[in-house]
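> Chains as they are written, first to last, in the numbering used here: chain Z, 2 to 302; chain S, 2 to 302.
Hints are computed from structural coordinates only; laboratory data are not their basis.
Which copy? The list can't say, so a pair holds if one copy fits it or any two copies do.
Straight-line alpha carbon distances no greater than 27 Å define the calculated DSS-like cross-link-like pairs of lysine-lysine that follow:
no., residue 1, residue 2
1, 192, 228
2, 228, 282
3, 205, 298
4, 192, 205
5, 199, 298
6, 228, 205
Note that the structure is predicted; figures quoted are calculated from it, not measured.
Number of protein chains: 2
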Amino acid sequence: MASVLVVGTVAIDTIDTPFGQAPNVLGGSATFFSWSASFFTHVHLVGAVGHDFPAEHHALLKQRGIDTTGLVTRPDMKTMFWRGRYFDDMNQRETLEFQANAIVGFEPVVPAPARGVPYVFLANSDPNVQAKVLDQMTQPELVVADTMDFWINTQKDALLRLLPRLDGLVLNDGEAKLLTDEPNLIRAGQKVRELGPKFVIVKKGEHGSYLLTKDGPFLLPGFPTPKVIDPTGAGDSFAGGLMGYLAADGSHAPGSLRRAIAYGSVVASLTVEDFGLDRLKLATRQEIDHRLEEYRKMLAF
Amino acid sequence: MASVLVVGTVAIDTIDTPFGQAPNVLGGSATFFSWSASFFTHVHLVGAVGHDFPAEHHALLKQRGIDTTGLVTRPDMKTMFWRGRYFDDMNQRETLEFQANAIVGFEPVVPAPARGVPYVFLANSDPNVQAKVLDQMTQPELVVADTMDFWINTQKDALLRLLPRLDGLVLNDGEAKLLTDEPNLIRAGQKVRELGPKFVIVKKGEHGSYLLTKDGPFLLPGFPTPKVIDPTGAGDSFAGGLMGYLAADGSHAPGSLRRAIAYGSVVASLTVEDFGLDRLKLATRQEIDHRLEEYRKMLAF
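Pulled out of the complex, with its shape left as it was, chain Z reads as follows (with noise of 0.2 Å):
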């Protein structure tokens, strides 16, 4: 069972939503991606937090098993912030308020006994900085990022370079158009897919998410859970779920590919449940494979 290491930000958030408010609360995309992947595998973080980043949101990592020698404090700085609110339709939010704080000009050391580790996730981040971090791997087997339309516009060429080198890309509806200038989707993913990477996951929200590969697309719709309370985090517990199955699984064939997916998918659908984390700290292994089952019900025809 091989492991995965993801390289991304470690937040403070607040969040308000119609269904009420969750001040201060762990967020930020290494951590989702990482509690996600470890219902599957051992998982090492790389990011950076501030001097005020509480004590027992380490330790909540690390009672969860994962590896945070790489998640570097730096003490003249705060955590990065995240103040944002959601609209009743929950696809909408507005960010009310954003402090980059500890992640400005951050440049992530990956520790030496981490450098092996063969499944890379490198969260949204600067091209130019996803590519460093993916330098210091010395045996990288599956690399797969995620990136954002500000860095499509402000960094398209750092990241054109950068997309030859993954195995993967995961990007939203509006990012692979704007990418690509391709109105319809599924050649817009396509068009994404000759940039570079062998894959492309081009997610949907709650409409689910597109696989182009070199043997055409797989189409998964949302996991459809009618309680959707905070949608913050399903992304990157997406992409969690899907790295962690695929390093657990060992394989990165087609079939291990789509059912990653759907295992990322579900566990997407289990953080929606609850505020940050919260849900995500009750599942289990045993619930989200559940949960896969009835997936496959609701789509046999």
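Guided by the hints, dock chain S onto chain Z, whose structure is given.
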């Protein structure tokens, strides 16, 4: 093999898309429905056109084997006309001109020989008119209706009286939310079902559809055609494929209903690949079955 009856519109459409213009083509809900259902079984069409309705359009429907005995010509009126424009992303359209013409005050009469047809589709119309059609049917086995925001907003009471008389209701995501005031789509679909129909199909455009029954949800992503030229008629083609398959299968057991939705989605994916009926005219049942098998492969995990 049971046959299907549809009551809906037969219209002339002028369509503008980023791929070109199609002036004065045969359109309307009953047209797309009938053609799509006729891949599977015999179809009876009830509707009204005006004195200007081209004889070749009528001949085309008859040559296809569609029973147009119930297609009335109103001599002092013109045929319904719609002119619309699609934007770059093809999910958005704008109505530039709409003339109801021959459908104004039209009270559909089902010809006596067709009143015993067991599979009935009430295309989008005033729910009072839909109810009067249903009154004429002598042994309806499966009755499915479509509706739209206009009727939810203006004839909600009549719609609520109709719903318990239906086996199935087909509506789109925004309409399901509007009818139930529920932003979560799965819960909205379940609430629509609680209003009377045994099953509800929530259409999500290119994102596919949800089926809600007492046995829980069935999820189907849209068939991902990379070639979307003209989305006009996709929803009615979906319904035509669905009802045509069910009637041919002679069953509406849960498994049949799921397969029928997949067939509906396949036929709709063909419809959008050219203007008006052009693509459907070239399609064959064999091609539809082939696409269904491709679809299964795209969905398997």
